[in-house]
Amino acid sequence: MGLPVGKKINSFGMSERKPKNIFQQGAIPATFISESIQKHSSQTAIGGHSIFLGQVRADETENGKVKAIEFTAFEDMAHEKMHLIREDIFAKYPLTCMHVHHSLGHVQSGEICLFVFTSSAHRKAAMDACQETVERLKAELPIWGKEIMENDEHQWKVNK
Amino acid sequence: MGLPVGKKINSFGMSERKPKNIFQQGAIPATFISESIQKHSSQTAIGGHSIFLGQVRADETENGKVKAIEFTAFEDMAHEKMHLIREDIFAKYPLTCMHVHHSLGHVQSGEICLFVFTSSAHRKAAMDACQETVERLKAELPIWGKEIMENDEHQWKVNK
Amino acid sequence: MQVHIMFFGQLTDITGTQELVLHDIYDTNTLQETLHELYPALANAKYAIAMNKKTIQGNSMFSGDSTIALLPPFSGG
Amino acid sequence: MQVHIMFFGQLTDITGTQELVLHDIYDTNTLQETLHELYPALANAKYAIAMNKKTIQGNSMFSGDSTIALLPPFSGG
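Chains as they are written, first to last, in our numbering: chain A, 1 to 160; chain B, 1 to 160; chain C, 1 to 77; chain D, 1 to 77.
Take the hints with a grain of salt, since some may be wrong.
Derived lysine-lysine pairs resembling BS3-like cross-links, with alpha carbons at most 30 Å apart [claimed, not checked]: (1) A:Lys92 to B:Lys124; (2) A:Lys138 to A:Lys20; (3) A:Lys124 to B:Lys67; (4) B:Lys138 to A:Lys39; (5) A:Lys146 to A:Lys20; (6) D:Lys46 to A:Lys146; (7) A:Lys124 to B:Lys138; (8) B:Lys138 to B:Lys124; (9) C:Lys54 to B:Lys138; (10) B:Lys20 to B:Lys146; (11) A:Lys20 to A:Lys124; (12) B:Lys39 to A:Lys138.
These are calculated hints, taken from the structure and not from any lab test.
Predicted, not measured: the structure shown is a model, and the values here were computed from it.
Model the full assembly from the supplied sequences, consistent with the hints where possible.
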């Protein structure tokens, strides 16, 4: 299955979006974010971008201090779910585009593990869509974070 | 008045934040945004960043197509107002930090003219604070945008 | 006593200048009358008034030299 | 008929493996009983079940070879 793909017209003449690959190995570099922003400068119908970044916290827990999170996912299912979320959000908000990136594997504290990026002509749609996408993907995507402590113990991250 | 300054202890022993300079000449480069993100990697109590970016739209208007916006401001008053907004937002939300940057002068369509960046331990405070800051600064800061058309006519931007 | 007046945004299209100094004016109502005589189109323009960087409502007396800013609707962001 | 079972997250701490293939099991209730016998701690773990990438509720029959995923609470982001 081709992964990082946009729209396609199927045999019924209807537009069909294939799930995009949202996962990348390791932390999301700040330069990846700026390149993503820069790419939108040719889209001059956009008036507002909303970005959410998840950063790994060095939480102090009863098992020690978190030094990193190791992310795993049921990737195929996550892509199907993310595709549904994307369709819902595009149906609900007048967005120009949406990009979602999530780390797999090892991400150290202070590094970025989630990047959600929505754009629209006017600010409200971008901001509301970004917030709703973040809430939904945290609740619905089969992804798990294993918190690795400084003493090399581990515990499983719990989302609130 | 020293401008880009953080906290200071006054003679009553109370913390006192001086207004920060929010203005910069011309568009806000994407690399400025990534450098700002990167600086937060040492703040490992942060779990979420929320970013809003305003981008100049190439609107088709009855006077022509917008090719750029030229921003002017009553800078001293804007800094005092922004300082009050900042104090309100910090009192209302458990933020780790907030950064606001606004362009002055010429910004071409497709370029970034506003950058609002909030960070907190948990995502909700960062997202809500970012949205509220954007709404308030658009309503309260004495800044004006002069839309320059492709035919070099101009009209004054109106915020909704 | 002198009043330093600043014009911003679309008001500068009317006044052709960003700054003006006037003398012997003691309150904002009189100031507005004077300015509307100098620049008749100002009377139809929408603006708020700030005295020494604080927005004011109604007529205000000047206490010593003052800076008055005429602020059309904001359009930052 | 075979069932391909995938374990994720904290469940792999219990099972020690991420995958398992079982034969001659025809519904999810029987599958769960079998798995709880193999890995008693699973009975106390919180998880949802997905059949062919769709989350299911209650007992479901397998129609042909199926892929079953045991999904502990999600913690992405």
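Taken at face value, is the distance from the CA of Lys124 of chain B to the CA of Lys92 of chain A at most 30 Å? 21 Å, holds
For the pair we were handed, Lys138 of chain B and Lys124 of chain B, check the Cα-Cα distance against 30 Å. Cα-Cα ~21 Å, so holds.
Can you confirm whether the C-alpha distance between Lys138 of chain B and Lys39 of chain A stays at or below 30 Å? At roughly 26 Å apart (the allowed maximum being 30 Å), Lys39 of chain A and Lys138 of chain B satisfy the hint.
Does Lys20 of chain A sit within 30 Å of Lys146 of chain A, going by the straight-line distance between their CA atoms? 25 Å, holds
Distance restraint between Lys54 of chain C and Lys138 of chain B, which requires alpha-carbon spacing of 30 Å or less: With a Cα-Cα distance of about 17 Å, the restraint between Lys54 of chain C and Lys138 of chain B holds, given a limit of 30 Å.
Mind checking the alpha carbons of Lys138 of chain A and Lys20 of chain A for me, to see if they're no more than 30 Å apart? 17 Å, holds
Given the hinted pair Lys20 of chain B and Lys146 of chain B, is their alpha-carbon gap at most 30 Å? 25 Å, holds
Can you confirm whether the C-alpha distance between Lys46 of chain D and Lys146 of chain A stays at or below 30 Å? Within the cut-off at roughly 16 Å; holds.
Given pair status - Lys67 of chain B, Lys124 of chain A, alpha carbons within 30 Å: 23 Å, holds
Next pair to validate is Lys39 of chain B with Lys138 of chain A; report whether the Cα-Cα distance is within 30 Å. With Cα atoms ~26 Å apart, Lys39 of chain B and Lys138 of chain A stay inside 30 Å; holds.
With a cut-off of 30 Å on the C-alpha distance, tell me whether Lys20 of chain A and Lys124 of chain A pass. With Cα atoms ~25 Å apart, Lys20 of chain A and Lys124 of chain A stay inside 30 Å; holds.
Within a Cα-Cα threshold of 30 Å, do Lys124 of chain A and Lys138 of chain B meet the stated pairing? This hinted pair holds, its Cα atoms lying about 13 Å apart.
Checked against the numbered hints above, the structure violates none of them.
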